[in-house]
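Take the sequence shown: its letters are residues 13 to 739, numbered as in this note's numbering.
If you are wondering where the hints come from, they were derived from the structure by calculation, not from laboratory data. Hints should not be assumed to be uniformly reliable.
Straight-line Cα separation of at most 30 Å, DSSO-like style, residue types lysine-lysine; simulated pairs [stated by the list, open to error]:
#1 Lys493 with Lys614
#2 Lys493 with Lys428
#3 Lys614 with Lys591
Model, not experiment: these values are computed from the prediction.
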Amino acid sequence: MEVGGFVTVAGLVWAVVYLAVGLALAVLALYLYLQYVWRVGKRLAVPLLPPRFPLGSAAIFSDLARAGGRRREFNLFRHLHHVFLNPREWLVDLHLDETAERDARGAPRAIQLYFATRSMLVLRTREDLQVMLGSKACAGRIVSAIGNEIFRQKGIVFISDMPKWKVHRSAALRGLLRPSFLKRLFATSMVPVADDFVAHVEASGTVFDVADLSALTLEIIGEAALSLCLCSFPRASLKGGTGAKSDDLASLAAFRDSVHGILRGLTLLGTKPGLLLPFYSAERAKVQAASRVMMEFMEAFIAQRKAARANGSHATPSGEPDFLDILLESAEAEEADSVAGEAHFTHADIAYTLQDMMIAGHETTSHTLAWALFFLAQDRELQERVANEVVGAWGPDGEPEYASLASLDLVQAVIKETLRLRPTVPSLMRRTLEDTEINGLAVPADTVIMGAPYTLGLDPDEYPSPETFDADRWLANPGLKLPFVFGAGPRSCIGERMAMIEAKLALSVFVRAFAFTLITPPDDVDMFQSITMCPHPKLELSGLLSMLRKLKKTDKEVRILLLGLDNAGKTSILKKLAKEDISHTMPTQGFHVKSIQQESFKLNVWDIGGQRTIRPYWRNYFDNCDALVYVIDSADERRLEETGFELNELLEEDTLSGIPLLLFANKQDLISALDPADIADGLNLYAIRDRQWQIQACSAKTGDGLEEGMKWVVDSISSGSGAGPSS
Numbered sequence: 013m014e015v016g017g018f019v020t021v022a023g024l025v026w027a028v029v030y031l032a033v034g035l036a037l038a039v040l041a042l043y044l045y046l047q048y049v050w051r052v053g054k055r056l057a058v059p060l061l062p063p064r065f066p067l068g069s070a071a072i073f074s075d076l077a078r079a080g081g082r083r084r085e086f087n088l089f090r091h092l093h094h095v096f097l098n099p100r101e102w103l104v105d106l107h108l109d110e111t112a113e114r115d116a117r118g119a120p121r122a123i124q125l126y127f128a129t130r131s132m133l134v135l136r137t138r139e140d141l142q143v144m145l146g147s148k149a150c151a152g153r154i155v156s157a158i159g160n161e162i163f164r165q166k167g168i169v170f171i172s173d174m175p176k177w178k179v180h181r182s183a184a185l186r187g188l189l190r191p192s193f194l195k196r197l198f199a200t201s202m203v204p205v206a207d208d209f210v211a212h213v214e215a216s217g218t219v220f221d222v223a224d225l226s227a228l229t230l231e232i233i234g235e236a237a238l239s240l241c242l243c244s245f246p247r248a249s250l251k252g253g254t255g256a257k258s259d260d261l262a263s264l265a266a267f268r269d270s271v272h273g274i275l276r277g278l279t280l281l282g283t284k285p286g287l288l289l290p291f292y293s294a295e296r297a298k299v300q301a302a303s304r305v306m307m308e309f310m311e312a313f314i315a316q317r318k319a320a321r322a323n324g325s326h327a328t329p330s331g332e333p334d335f336l337d338i339l340l341e342s343a344e345a346e347e348a349d350s351v352a353g354e355a356h357f358t359h360a361d362i363a364y365t366l367q368d369m370m371i372a373g374h375e376t377t378s379h380t381l382a383w384a385l386f387f388l389a390q391d392r393e394l395q396e397r398v399a400n401e402v403v404g405a406w407g408p409d410g411e412p413e414y415a416s417l418a419s420l421d422l423v424q425a426v427i428k429e430t431l432r433l434r435p436t437v438p439s440l441m442r443r444t445l446e447d448t449e450i451n452g453l454a455v456p457a458d459t460v461i462m463g464a465p466y467t468l469g470l471d472p473d474e475y476p477s478p479e480t481f482d483a484d485r486w487l488a489n490p491g492l493k494l495p496f497v498f499g500a501g502p503r504s505c506i507g508e509r510m511a512m513i514e515a516k517l518a519l520s521v522f523v524r525a526f527a528f529t530l531i532t533p534p535d536d537v538d539m540f541q542s543i544t545m546c547p548h549p550k551l552e553l554s555g556l557l558s559m560l561r562k563l564k565k566t567d568k569e570v571r572i573l574l575l576g577l578d579n580a581g582k583t584s585i586l587k588k589l590a591k592e593d594i595s596h597t598m599p600t601q602g603f604h605v606k607s608i609q610q611e612s613f614k615l616n617v618w619d620i621g622g623q624r625t626i627r628p629y630w631r632n633y634f635d636n637c638d639a640l641v642y643v644i645d646s647a648d649e650r651r652l653e654e655t656g657f658e659l660n661e662l663l664e665e666d667t668l669s670g671i672p673l674l675l676f677a678n679k680q681d682l683i684s685a686l687d688p689a690d691i692a693d694g695l696n697l698y699a700i701r702d703r704q705w706q707i708q709a710c711s712a713k714t715g716d717g718l719e720e721g722m723k724w725v726v727d728s729i730s731s732g733s734g735a736g737p738s739s
């Protein structure tokens, strides 16, 4: 038994050794392969593919070009996992048209990439790409094996993926679709989301994760889009408001959840390696289930609408035909004009098109907003110019108006410049249906062609200083064109105007409401392509604090600023005043706002985080402040000098000049707490002569002294006179 045991252990050891050696050889082989790709890719002078392009080893070219071909800035190991998990996308060779002229940067007109299972022609010039997008010989095509697997699932079918006849008929349908996006209908349904948008961000605190924009646009902008397409359900009913039956609300909730589920699933699956796709059956099953729910809803709703149109009982809230009406009119006209047996635009096609509308616009809008905020956060002057333009159009408190959207030229310029540098759809794919030519370049049938708006946007001949974010270039040159970020030709994005309205309105209300800076270092933020081009890794903004709107609504509604060092007890005091539980209080990373009734006054109290990294942003809250409440940890004598320094900095601020100052000497329930009089002496409070002030002993734990302190604040605001300590 010992011998058998020895043989078994030895066999296992040798098996492990063989496995380790085999794995090491495989990694070495992959590394040598990447070295080959790197050498081949050095022949490219400029990037021809978007960053992190999800086609195996082709992703190397984007990093290679961005590193300028310098080895020390290019990490081959970074791509090992991507190439290893995508053997079908291994690059075999590439071919440059050496006979064609190169541009001033040495970039070729076109490049042919040969992968293990496919080839792809990449076009670089605007002229060639325009011909490709406008040619009827080039059909829509999703090249990625992952994308093909995902989008071929039942119910996830896009217009460009329909058979040839449907592609052409859908192209003819564009004349009917476009007017729906030129009307006020969508903007009218979008206006109410402005307050939702601002309120969401206000509640997020000082540090705001831009990734939340994805969920935000999915919820509020997506509901507005649903209201547009299916106008029989006003937006209020989508949130459970009045005017809808319980069955309708349940059906709508399931429908909206299905949209969310499909988007989450597509985003997840879109980043999964092709080799492992079969093992992610749970995610695929969720997408398919969500798609079924969506299609069942769509088909039932279309049947209901068709019946209502037939008996004359249908009317939209606006009195104008909605998106579904336009599609049904087209289907009915085609059916009446078609020859027996001829295929025509069907109700199934309508369901797919509506689903396309529900899915396609949300992530693109959210990522455009994310990138726009990323650039604006780094340019405070431009940020203020945008805010001033919006305030000039709508006022500091006015509701957004559709009629004035067109006057926001700078907002439009910011969005266009964002789309130039960070197009949410960075590459456009087509497949040739027959042998064709693109400006003299022969292209055989069944060739996959790709053009990259991302690389076109970096053309210095078209956009001087292309790496620089310069919104003014669009104001100086109104004829400047975007690099096909919405496509072109008969299959360009039919929702272009809707997307621009979404982004323009959302960005306008955001910048009018907040001033913000970037927390994540700009150099750490890279581009990552899944379904769209999104920021990677986490992108955070800070200082979403400076409200440009008037916050006082009535003479008896006042705004109070609650400041102090971290761990002084500010949030506990605010919760105690609001009659909330203080047993689970976390350090404030941003800010909290609570309304407290004190006598006949409504006190809007802003509790701002006290961490050292947040204090520089305090000044963004100073506008329209009626009183300052400063909290001191009276049991922490070590930090008395630090708290005194921060208090003196506040008292020197012109914006806070003359407003009443209440100092809460907190934690008086502790034995080690200093007496308020000793604190006043230590901080030299008696030297304050430009305002009323009071130091109040209190305990956030017991509540002692809090009501007395806030009563003093109200009395001081009411009196509006006097200076020095209160008696």
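Status of the hints after comparison with the structure:
Between Lys493 and Lys614, the direct Cα distance comes to roughly 51 Å. Violation of the 30 Å bound is thereby established for this hinted pair. Using a Cα cut-off of 30 Å, the hinted pair Lys493 and Lys428 holds, with the two alpha carbons roughly 9 Å apart. Restraint check: the Cα-Cα separation between Lys614 and Lys591 comes to about 15 Å, which is no more than 30 Å; the hinted pair holds.
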